[in-house]
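**Q** Chain residues, written in single-letter form:
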Amino acid sequence: MLSFCLNAGCVREDDLTLEQRSFQLSKQIMCPVCDGQTIDQSQSQLSKDMKNTIIDKLNKGETNKEIRDFFVSRYGEEVLAAPSSKGINLIVWVAPIGIFIFGLLIVAHAYKNMRKQPE
Amino acid sequence: MAELGFTCILLGFSLSLYGMIGSALGAITNTSRLIVSARRAVYLLLLSSTLSSVALIYLFVTNDFSIKYVHDHSNIVMDRAYVWVAFYSGNEGSLLYLTFVLTLLTSISIRFSPSRIKPILPWTTSILSGVIFFYFLVMTFFANPFEVLDKEVIDGIGINPLLTHPGMFSHPPMLMAGLIGITVPFAFANGALISGKYYDDWVDLARISSLIAWGILGTGILLGAWWAYTILGWGGYWSWDPIENVAIMPWLILTAFIHSIMVQKRRNMFRLWNIVLLNIAFVLAQFGTFINRGGPVVSVHSFASSTLGFVFLSFLLISLVFAFGVFLWRAPHLRSTRNLESFLSREASFLVNNFLLLSITFITLWGVIYPLLSDVIRDVSVTVAAPYFNRVNGPIFLLLIIMMGIGPLLPWRKINNETLKQKILIPVIGTVIVSISLYVFLGIREHLAVLAFSSTAFVFLSVFSEWYIGTRRRMKSNRSPIVAWWELVSGNRPRHGGYIVHISIVMIGIGVIGTNFFEQRTDQALDLNQSTVIDDYRIEYIGTEEKLRQDRITKLASLNVYKINPEEYKDVSHKGEDGFKVSENINNRNDKKIGSVILRHEFYPLMNQASVRSGIISTPIEDLYVIPRDFLEDGRIAIGVSINPLAWWIWASGPFFIIGTLIALWPHNTKKSSVTYGVTTIMEKTK
Numbered sequence: 018m019l020s021f022c023l024n025a026g027c028v029r030e031d032d033l034t035l036e037q038r039s040f041q042l043s044k045q046i047m048c049p050v051c052d053g054q055t056i057d058q059s060q061s062q063l064s065k066d067m068k069n070t071i072i073d074k075l076n077k078g079e080t081n082k083e084i085r086d087f088f089v090s091r092y093g094e095e096v097l098a099a100p101s102s103k104g105i106n107l108i109v110w111v112a113p114i115g116i117f118i119f120g121l122l123i124v125a126h127a128y129k130n131m132r133k134q135p136e
Numbered sequence: 004m005a006e007l008g009f010t011c012i013l014l015g016f017s018l019s020l021y022g023m024i025g026s027a028l029g030a031i032t033n034t035s036r037l038i039v040s041a042r043r044a045v046y047l048l049l050l051s052s053t054l055s056s057v058a059l060i061y062l063f064v065t066n067d068f069s070i071k072y073v074h075d076h077s078n079i080v081m082d083r084a085y086v087w088v089a090f091y092s093g094n095e096g097s098l099l100y101l102t103f104v105l106t107l108l109t110s111i112s113i114r115f116s117p118s119r120i121k122p123i124l125p126w127t128t129s130i131l132s133g134v135i136f137f138y139f140l141v142m143t144f145f146a147n148p149f150e151v152l153d154k155e156v157i158d159g160i161g162i163n164p165l166l167t168h169p170g171m172f173s174h175p176p177m178l179m180a181g182l183i184g185i186t187v188p189f190a191f192a193n194g195a196l197i198s199g200k201y202y203d204d205w206v207d208l209a210r211i212s213s214l215i216a217w218g219i220l221g222t223g224i225l226l227g228a229w230w231a232y233t234i235l236g237w238g239g240y241w242s243w244d245p246i247e248n249v250a251i252m253p254w255l256i257l258t259a260f261i262h263s264i265m266v267q268k269r270r271n272m273f274r275l276w277n278i279v280l281l282n283i284a285f286v287l288a289q290f291g292t293f294i295n296r297g298g299p300v301v302s303v304h305s306f307a308s309s310t311l312g313f314v315f316l317s318f319l320l321i322s323l324v325f326a327f328g329v330f331l332w333r334a335p336h337l338r339s340t341r342n343l344e345s346f347l348s349r350e351a352s353f354l355v356n357n358f359l360l361l362s363i364t365f366i367t368l369w370g371v372i373y374p375l376l377s378d379v380i381r382d383v384s385v386t387v388a389a390p391y392f393n394r395v396n397g398p399i400f401l402l403l404i405i406m407m408g409i410g411p412l413l414p415w416r417k418i419n420n421e422t423l424k425q426k427i428l429i430p431v432i433g434t435v436i437v438s439i440s441l442y443v444f445l446g447i448r449e450h451l452a453v454l455a456f457s458s459t460a461f462v463f464l465s466v467f468s469e470w471y472i473g474t475r476r477r478m479k480s481n482r483s484p485i486v487a488w489w490e491l492v493s494g495n496r497p498r499h500g501g502y503i504v505h506i507s508i509v510m511i512g513i514g515v516i517g518t519n520f521f522e523q524r525t526d527q528a529l530d531l532n533q534s535t536v537i538d539d540y541r542i543e544y545i546g547t548e549e550k551l552r553q554d555r556i557t558k559l560a561s562l563n564v565y566k567i568n569p570e571e572y573k574d575v576s577h578k579g580e581d582g583f584k585v586s587e588n589i590n591n592r593n594d595k596k597i598g599s600v601i602l603r604h605e606f607y608p609l610m611n612q613a614s615v616r617s618g619i620i621s622t623p624i625e626d627l628y629v630i631p632r633d634f635l636e637d638g639r640i641a642i643g644v645s646i647n648p649l650a651w652w653i654w655a656s657g658p659f660f661i662i663g664t665l666i667a668l669w670p671h672n673t674k675k676s677s678v679t680y681g682v683t684t685i686m687e688k689t690k
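Protein sequence lines correspond, in order, to chains A and B.
Residues 18 to 136 in our numbering are what the first sequence lists, from first letter to last.
Residues 4 to 690 in our numbering are what the second sequence lists, from first letter to last.
Quick caveat, the hints were computed from the structure, so don't treat them as lab data.
Please note that a few of the clues may not be correct.
Stated by the list, open to error - In the DSSO-like style, the derived pairs of lysine-lysine whose C-alpha atoms are separated by at most 27 Å in a straight line are:
id : chain 1 : residue 1 : chain 2 : residue 2
1  : B       : Lys550    : A       : Lys65
2  : B       : Lys268    : A       : Lys129
3  : B       : Lys417    : A       : Lys129
4  : A       : Lys65     : B       : Lys268
5  : A       : Lys65     : B       : Lys417
What the hints assert, rightly or not - Here are the simulated distance ranges between beta carbons:
id : chain 1 : residue 1 : chain 2 : residue 2 : range
6  : A       : Asn69     : B       : Ala655    : 32 to 42 Å
7  : A       : Glu94     : B       : Ser621    : 34 to 44 Å
8  : B       : Thr547    : A       : Phe119    : 54 to 64 Å
9  : B       : Leu13     : A       : Asn69     : 52 to 62 Å
10 : A       : Ile105    : B       : Gly328    : 28 to 38 Å
11 : A       : Ala125    : B       : Thr10     : 50 to 60 Å
Stated by the list, open to error - Covered stretches of chain A (in silico footprint by chain B; criterion: 3 or more residues with CB under 8 Å from a CB of chain B, positions within the stretch not fixed):
id : stretch
12 : 75-88
13 : 96-107
14 : 122-131
The model shown is predicted, which means the values in this text are computed figures rather than measured ones.
Glycine included, every Cβ here is placed at the ideal spot set by N, Cα and C.
When you get a sec, could you build the whole thing from the sequences and use the hints?
**A** Have a look at this one:
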């Protein structure tokens, strides 16, 4: 649960150790010079530096959001492994719910149709 | 040799063009000689793709670096065994490999198809030749594997070091074979549609060929995850990378298909729907080829990327238009004749299963294309990776697992309350006991994890209770339980093979839940003879070694692993931290050595690439996973240590997955068959 929540960010930051928060953050930040890897996965020097930056900033008492914002200001929005749910990017989070409900409606419709047909 | 290889490609190009047009013309004009001649062209396609492949492998074996592809993907120091991997490690060679697999599958399926599908075969042949034609066309004009280098060289660049792993002998070829294999059921379904023979004779062939493609693709994906876990060295096995996504999407659609095709086989329903599923699977496979080779996304899998995006995008669009064009043209003839009798029936549960699988697929597709949309429309780059997919797909996967438990309990058509009560008794009681045990005996307090584990237990118990009831019934004539069980399985192989696959999926589920909910981690930099402690393990750094080889610098670190009693370490532990460091001089406790691991870091200066090999001590309960992060200048090593509970089960599922698929595939004895066909359709009645 802990690690699930670490990834999903559903625990309060205060309840975690700084080390746990650094793992949590390193799974949310992409390595800017690698192809599609988070800094947690990547072996590149830049990722190592970025992980150290995270630890430094955590030790200074910065919040996760402040640290994420720092990396966004430095490397752009694409440094986040999942888009924030603010502004236009909200659509990326809402669409799955739409897809699910749309599918549900189709199933309901198909079910009704198949029941109605005469044998 | 290169001349022979390219000549065969040109031959394949002309023959596949002839096969595509000739077979179609033969079908339209009803000229049986043309049809037969076009079919023979297909067998020659197999010959030309085989000769081409042999030529390329020969060039690799003989180190002919005057050929560009050999030069780019091999060198003198490469272990000869990796010639097979080098063959498909780049764009041109993997296209040749795909062509070879497709011509092989095409020849087999045309040669061995039963005579009753004769009327649809010319169209199937034409479609298959058309797809083969596309690949020969690309190799002829855009990606010739036999291109000659315009300068003199004595050595090649070498194979990508990440690919020099035993898993690479099987993961990429199985994945590619599975994806291209989707073409076969697609061709059978659409051949039937175009020919206007709407009865369901193609159904069996489509089921078998799609099961083969599905089994190979699934095994390929699992092997890829295993490779990531053992060699990529970040402790994970699935990262929702775009290339992983485009492989799992067709697999999910085929999963839906192999379930819902049974409804057509047994109840003659879902006839339109099954064709839609095959069309989606085929188009998604083409989408995968485009994403993989067109290079519109960044991925850790960019081994075969090329500048041919427009070629593959064009073929994707042609596939889309063809598939759904044929469908819309012929769909009105394909109404089902039966109706759904109850929501508590197997056909209804397959409907729900299809809905969940398609939801995951389209949500994943959305996550893959959103960054492309954002790039094009807003000119802002965004990333959609693991945290997103885990969150949006996780709950649907959980629902899917619960459905896997419910489905087997429901019979075809409808269920009466008495049977329902009888069938549901063991699974429900068992699941309740499991949930309570998880809370009480294991002390798990995370409700979501308990729910997830209980769902997997429910699936297992519902399969087990089916087997228990069925075996008991067959044991009455003094047969041993094993014989009785085997008779039960043989009596309906598609169903019971499916149950075995369900068990393998549950095993994967257990591993995924364990690693996602209960992973523990720590990162430490250790001096020689220092240890890091995590949970009840102590890992001691005992030595390092450096090796120079022709093409790489290898650094090795040895560590001993001890099982400890955490109580004895209370005085030195840091409160709340998952792991902490201890020095050698305080080591006087009752630690028990359970093994040692060697961590490897390899750097290839010529390719400016590093690869690491982690140390793993694996048990069914948990894996201890030690990652070499850095060999520091001052002699220390930086390591990441994690405990991945239940990860072992993910890899143990593999054999069950394969055995279950093979049982489901095994042809049944037609005399004893309990499976009936519903072949009467409105079309035939009106005829």
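**Q** Run every hint past the structure and note whether it holds.
**A** Hint by hint, here is what the structure shows:
no.	hint	result
1	B:Lys550 / A:Lys65	holds, 24 Å
2	B:Lys268 / A:Lys129	holds, 22 Å
3	B:Lys417 / A:Lys129	holds, 16 Å
4	A:Lys65 / B:Lys268	violated, 56 Å
5	A:Lys65 / B:Lys417	violated, 59 Å
6	A:Asn69 / B:Ala655: 32 to 42 Å	holds, 38 Å
7	A:Glu94 / B:Ser621: 34 to 44 Å	holds, 39 Å
8	B:Thr547 / A:Phe119: 54 to 64 Å	holds, 57 Å
9	B:Leu13 / A:Asn69: 52 to 62 Å	holds, 56 Å
10	A:Ile105 / B:Gly328: 28 to 38 Å	holds, 34 Å
11	A:Ala125 / B:Thr10: 50 to 60 Å	holds, 58 Å
12	75-88	violated (count 0)
13	96-107	holds (count 7)
14	122-131	holds (count 5)
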